[in-house]
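A.B. asks: Protein sequence lines, in the order shown, are assigned to chains A and B. Following this note's numbering, the numbering of the first sequence begins with 706 at its first residue and continues without gaps. Following this note's numbering, the numbering of the second sequence begins with 706 at its first residue and continues without gaps.
No lab work stands behind these hints: they were computed from the structure. On a predicted model such as this, the values are computed, not experimentally measured, just so you know. Treat the hints with care, as some may be off.
When chains are identical, the list treats them as one kind, so a pair holds in a single copy or across two.
Here are the computed lysine-lysine pairs in the DSS-like style, where the Cα-Cα straight-line distance is at most 30 Å [unchecked claim]:
#, residue 1, residue 2
1, 754, 938
2, 1001, 896
3, 733, 896
4, 975, 896
5, 1001, 820
6, 733, 796
7, 893, 975
8, 796, 820
9, 1001, 893
10, 733, 754
11, 893, 840
12, 820, 754
13, 938, 896
14, 840, 754
These are the residues of each chain, in order.
2 protein chains.
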Amino acid sequence: MPVHTIEWVADGSDTLVPGRIRLVDQTKLPGELVFVETCDPQEVWTAIKTLQVRGAPAIGVAAAMGVVAGIQGSNAATGAALAEEAAGVAKRLATSRPTAVNLFWALDRMTGVAKANAGLAPAELKERLAQEAVKVHDEDVAMCRAIGEHGATLLRAGQTVLTHCNAGGLATALYGTALAPIYVAQEKGVKVSVFADETRPLLQGARLTAWELMQAGVDVTLICDNMAAQVMKEGRIDLVMVGADRIAANGDTANKIGTYGVALLAQAHKIPFYVLAPTSTFDMSLGSGEEIPIEKRASEEVTCGFGKATAPEGVQVYSPAFDVTPAALITAIICEHGIARPPFAESLRRCHAMV
Amino acid sequence: MPVHTIEWVADGSDTLVPGRIRLVDQTKLPGELVFVETCDPQEVWTAIKTLQVRGAPAIGVAAAMGVVAGIQGSNAATGAALAEEAAGVAKRLATSRPTAVNLFWALDRMTGVAKANAGLAPAELKERLAQEAVKVHDEDVAMCRAIGEHGATLLRAGQTVLTHCNAGGLATALYGTALAPIYVAQEKGVKVSVFADETRPLLQGARLTAWELMQAGVDVTLICDNMAAQVMKEGRIDLVMVGADRIAANGDTANKIGTYGVALLAQAHKIPFYVLAPTSTFDMSLGSGEEIPIEKRASEEVTCGFGKATAPEGVQVYSPAFDVTPAALITAIICEHGIARPPFAESLRRCHAMV
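With the sequences and hints as input, model every part of the structure.
C.D. replies: Shown next, in the form of structure tokens:
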């Protein structure tokens, strides 16, 4: 079982409010495991802003809980006044990260619930909002768990999975996406091992994936990205499991830079390549991955990523943040509704229709 | 033209001795260009030991010159006594690096010349040994130059070369192997661009290749290793040029970890993949690359490579230093005698016979 990335901790046993948010401070990883406990919405804003909490699903949960933290001490005389306050807190939290879709989605959901229940007494509305935030959390856990259950059917005891970047529990409330099958298998007594690409430039594989798997007692081995081909050639990898940032209707998958290369290497070694992601990642409006824009990142992440310069001053750098793996290289896409296999145009539509 | 990695600088204009060794301190790169100037054999020992000079050919040149530095101030009464002293200096220098073949080769060559010329007067023998050391240097330059001339015939103006690790001028006396065609083309007014893989874990691509190409005025762009596939997919790469640590009789090539992956990616994108190395790298006693042992490196190079820990303490690491690229993925092997194409069993034997 991985570490709980984020939880709501009620002070008493009868009600959810008053309570606190408890989250892993991911900026301290992998050096030390430090939890932030807070009931201050400004601290939640800072936690999102400074990447103490990261990963779209985990940010959504933090934002929802941040709204509760912001209104639970309110002296508003009516539910309507309290709903107004909740909207104000949400508006402030929305400024923490510019492009996190789950952030805005979670805040809209909370303000919507507040408005719809403005007729309640303030104390009741506070409890109702806390329930909603916990529901956002629990739904995320259930979704990851479902991905894990489906994905675990692809794993046999003694197998070794290669993964890239961190699509693990730390990016969600619990379990993660690409790593969920490994945790579910572990719970069922099926032991698998993992090779984790360190994932340059930001080393999410080394800092986060290796850390959370070690915490959970999963056998994990860290490699540099350029070692994956050799590790596959030596017969050490049985299958690849990665997450996704966006999946087009035809199955083309945008994910962390390096994923496409891993998919090509897996094909060359006849190793199955699986993408694991919730249906919220499916973008059925995109016919193919060619329509997915690729963000370019700052050169400093490559040249000074470790606290000192590791390249000549002024060197030109090309640093795409993502790449697109063509559907033809993907064995299957696993979402909360099941395992989609080629042709993806049909199987993804079926999964998406279950939402 | 790249920087001269190592040179013998005579104090006067008539004779080579007395003189000094002038070498680029590669431990200061890419931050600053500092030259070590020394006529102290102990400082040469330290320069080799601490990687101020690195790359098998450059180490050989440094060792040969180190022998001259060690005996040029001698008061030996006879050539035979001086030859004894030269053997003593060589024996000490041989302890600087345990596995550098060129180191032992160059030292044996110097002591052989000393012994064969022990009948000369001491002053004459000193000059003779200095000539031999300069010859070791000049032969390396000529060999790299020849590789560059042959390789440059594969380049057209405006093309872009992807390279991995550093098989550049800094690893040899001048020009390098994989980068030699780029410098030769530049001298002929043919401008090509380079993408350099940073080459984890030790970042030779970022620290050395990017640096020496920038110094020479070659257009170079640095990428992380895991970006190579995407860069190829975007059509930015016309051909791949890499060095080699050891080439088996069938063409299988051992080189820095990550090379095999690049070769697979090149094949998937239909990009020519060239290996550039002197015939001294050919090991005709090996039937195939499967007989080449792969050195495993310490985990710290992966987990603490940048002055701070970037992975959890105690994490398992798998770090092969080299990989073997099967001959089937190699378009041609370029040595000082020409361009060998498949079937390599024949073409390499022909090149090797020219030695």
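A.B. asks: Go through the numbered hints given earlier and state which of them the structure violates, listing their numbers in rising order.
C.D. replies: 1, 5, 9
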